[in-house]
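In the order they appear, the protein sequences are chains A and B.
Under the numbering used here, the letters of the first sequence match residues 1 to 115, in that order.
Under the numbering used here, the letters of the second sequence match residues 1 to 113, in that order.
One or more of the hints may lead you astray.
[Unchecked claim] When the alpha-carbon atoms are kept at most 25 Å apart in a straight line, the in silico PhoX-like pairs for lysine-lysine are as follows:
#, chain 1, residue 1, chain 2, residue 2
1, A, K41, B, K100
2, B, K110, B, K77
3, B, K100, A, K66
4, B, K56, A, K64
Since the hints were made in silico from the structure, they are not lab data.
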Amino acid sequence: GAVVSQHPSWVICKSGTSVKIECRSLDFQATTMFWYRQFPKQSLMLMATSNEGSKATYEQGVEKDKFLINHASLTLSTLTVTSAHPEDSSFYICSSAQGVWAEQYFGPGTRLTVT
Amino acid sequence: GNSVTQMEGPVTLSEEAFLTINCTYTATGYPSLFWYVQYPGEGLQLLLKATKADDKGSNKGFEATYRKETTSFHLEKGSVQVSDSAVYFCALSDTGGGNKLTFGTGTQLKVEL
Chain A
1 GAVVSQHPSW VICKSGTSVK IECRSLDFQA TTMFWYRQFP KQSLMLMATS
51 NEGSKATYEQ GVEKDKFLIN HASLTLSTLT VTSAHPEDSS FYICSSAQGV
101 WAEQYFGPGT RLTVT
Chain B
1 GNSVTQMEGP VTLSEEAFLT INCTYTATGY PSLFWYVQYP GEGLQLLLKA
51 TKADDKGSNK GFEATYRKET TSFHLEKGSV QVSDSAVYFC ALSDTGGGNK
101 LTFGTGTQLK VEL
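Just chain A, same shape as in the assembly:
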């Protein structure tokens, strides 16, 4: 299957700072990327869907000004958590697909801890 990487795999930041998470599709061109958030012992919750070159579509209840998503190329999408607070601590997972209806390939996730 296709390979998707995330960087960093874990990050600790101070409250009020911003942190950027990268998602890369290593061996295929991903026209669509998805960002999920996972709380301990809970399911993955879709945060937003992004298509290359256009603005992301956010799910209801997700603050688009807080979670900035950029999908500037067919192999890279970034999620920036702005002015992070301890309640933003979570596991963030991205997936990539060759189209909105295609199979999603998932990255290994990024553990964010805000102190």
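Chain B: place on chain A using the hints.
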């Protein structure tokens, strides 16, 4: 809205035991159903899927049948191995929602010698 409910874990089995992980769903329309597996330190991988009622998805000895009448998609394997130890997620994709996936909470499987 859509939802997926799966049994809580961890599930601990001895090698060669029979595995069942229950999954039921609620959805509008006619969803596609999926099982994903996540090995330690890796991303979720698609294990199997079924796109319509009575379809059976199968892969690597795992099977699941799309049961519309009971809104279920239980995962089964006849003889588990230590290498099957992982977290298993049931998910659905609603026909009206593009490829948006709704996940269950995941079930951790531990297989011991």
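So, going through the hints one by one against the coordinates:
1. A/K41 to B/K100: holds, 21 Å
2. B/K110 to B/K77: This hinted pair holds, its Cα atoms lying about 14 Å apart.
3. B/K100 to A/K66: The given pair, whose Cα atoms are some 22 Å apart, holds under the 25 Å limit.
4. B/K56 to A/K64: violated, 39 Å
Hint violations for this structure: number 4 only, all remaining hints satisfied.
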